[in-house]
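Each chain, written out:
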Amino acid sequence: MNATALIAWNVFRESVRDKVLYNLVLFAVLLMGASYLIGQLTAGQDVKIIKDLGLAATSVFGLFIAVFIGIGLVSKEVERRSIYSLLSKPIERHQLLLGKYAGLALTLAVNLSVMAVALYAVLAYMVWTTDPQTAQAWDAPGLDPALLNAIGLTFVELAVVTAMALFFSTFSTPMLSAAMTFALFVAGRFSADLRNFHEIVESPVAAIMARALYWVLPNLSQFDVRAQVVHGIPVPVGSCVLTAVYGALYVAALLVVATLIFSRRDFK
Amino acid sequence: MPSKVAGLAGVLAAVALVALAGTVQLVRERRYPGPPVVSEERLTLASGPLLKRLAVGYDMLAADLYWIRTIQYYGSTKLQLSGQGSTGLSAASGQAKGTPYALLAPLLDLTTTLDPHFNIAYRFGAIFLAEPVPAGAGRPDLAIALLEKGLKARADKWEYMQDIGFVHYWWRQDTKTAAEWFDRASRMPGAPWWLRSLAANTLAQGGDRRSSRLMWESIRESAEIDWLRRDAERRLLQLQALDDIDALQRIVDELNKRGFAVGETWDAVVERRVLRAVPVDPGGTPYELRPDGRVRLSPKSSLFPLPSEPQSLGPPS
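First to last, the sequence lines map onto chains B and F. Under the working numbering, the letters of the first sequence match residues 9 to 276, in that order. Under the working numbering, the letters of the second sequence match residues 24 to 340, in that order.
These are calculated hints, taken from the structure and not from any lab test. Some hints could be false.
[What the hints assert, rightly or not] Facing chain B, according to a computed beta carbon distance under 10 Å, are these residues of chain F, among others:
hint, residue
1, 70
2, 74
3, 76
4, 84
5, 86
6, 90
7, 249
8, 252
9, 256
10, 327
Ideal placement from N, C-alpha and C gives every residue a C-beta, glycine not left out.
Start from the sequences, fold in the hints, and give me the full structure.
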């Protein structure tokens, strides 16, 4: 356990050293620039659009970090041949993999937290500069705590994507891993469509296959509650909890398979 | 220290090179002008469901982008139409295959397909669509269709029902249907109390200027954005101008009936101390007195042109 935590901490420190957190500066500049420009372009929809932009940017920035760092977690060690010295130490392979995963999850958590603070700061400024009568007409309060729901579920979604990237990187090249992770991400966003596939195909075999895929592929669309949150539509707590549990189970499944593959991999 | 100097020199060199590149581009564009800018009067992607797929879950952001494009399209077309008079109208019509604001409805449809809860796109969009050219597309049918689409996403939105009633009342002069929509809106949870009396009044009297005033006041009060509020305020001033014109017309008619030749100016009226000064509209421009004795709003007025009212609409009783 201690070894796993140490590896996780090192992954986080390495990401800081690799200037991964620089994306936060870009995020802040994007939001601040947009908050000024959008006011001139959107006919009074600036707060809604800043929320949309902030939440979407949180997700996109996190996605790129999850994929591009996730695919390198194992392959970089192999390329540098540092995997040999790591495995010669009293570290189990599953500890190495779990540590790597936890380290990237920590990086994402720190990223998302800082982004959330930046988003709230920009929104606070906009609320402060808006007259109360206009603010009353908004679908949801400017500094709506429900935004944290959307950011929290984005984190769970990114945790699943990180697990996918790590899983692919245990047996594939970085380029292929990135392509497969992105493909699975897109498929996951549309997996709900597979459920109703039987309505548009005649073949029962195709319908069964589609239904099977629906249950196997990660259903990432359920992590997206941004529309509800921005429009002030309540998101039931039970739904959020179940979605988070689904994500955690999917991550666990991917890590188990990744560990199995990684344990059997021959580095000679 | 030398490295700092070298760094600064590098930055300056980069800035100079970018400036030089810009200059070369300017020279090239002047000597070899490129092809004309492609008209904005077309949509690369016209299918909302397809766009929703392509957005890969970032539908809200895509909706915002389309909303910004809608605003820009509406603003630029309006400027083109109002800024160049009839020439502008025909130019814009030519661009848009004979119809000004041809892209307005498709853009609003895309926006609201990507984000079915985009409240302002329905309300603001309906005004854009219903207003007659050059202020809007002159398509109340599309305005109603857009608001009905909004009701499919949010069936309890009394504001959309009020807006549908308003379009029927103001732009279609169909007071019966308008009253039905006001009544339907008044039954929704959270609807204001005055909607019920507005419905009853519209149905009973077939509409009058007082009802119009009440409607615009309600729109002003429930407006989410400044533009809507300002537009409602302008409409209220126009209604005030209509009242003023009716009152002034009565004065002029009375003077003419008594045999005083009023003429084409207000001077005779002011001289007889019927009015203290030349009457001005709520925008501050003097009303016109025509040779035929009719009082009119000046075309120079910020309130010009006055809206056409439903047929049964008249001065307050």
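Open item on the list: Hint residue 327 (chain F) vs chain B: min CB-CB distance below 10 Å?
Closed with: Violated. Min distance 24 Å.
TODO: Using 10 Å as the Cβ threshold, decide whether residue 84 (chain F) counts as touching chain B.
DONE: Cβ of residue 84 (chain F) sits 4 Å from chain B, so the hint holds.
TODO: May I ask you to test the interface hint for residue 252 (chain F) with respect to chain B, counting a Cβ-Cβ separation under 10 Å as satisfied?
DONE: holds, 9 Å
- [ ] Verify the interface restraint on residue 74 (chain F): the C-beta must sit less than 10 Å from at least one C-beta of chain B.
- [x] Check failed: Cβ of residue 74 (chain F) comes no nearer than 14 Å to chain B, outside 10 Å.
Task: Interface hint for residue 86 (chain F), Cβ within 10 Å of any Cβ on chain B - done: Constraint on residue 86 (chain F) satisfied, holds at 8 Å.
Task: Interface hint status, residue 76 (chain F) versus chain B (Cβ within 10 Å) - done: holds, 7 Å
Open item on the list: Can you verify the interface hint for residue 70 (chain F): is its Cβ closer than 10 Å to any Cβ in chain B?
Closed with: violated, 16 Å
Task: Evaluation of the interface hint that places residue 90 (chain F) against chain B, nearest CB under 10 Å - done: holds, 7 Å
- [ ] Have a go at the residue 249 (chain F) hint: is there a Cβ in chain B nearer than 10 Å to its own Cβ?
- [x] holds, 6 Å
Open item on the list: Hint validation: residue 256 (chain F) versus chain B, beta carbon distance must be below 10 Å. Holds or violated?
Closed with: violated, 14 Å
When held up to the earlier numbered hints, the structure conflicts with 1, 2, 9, 10 and fits the remainder.
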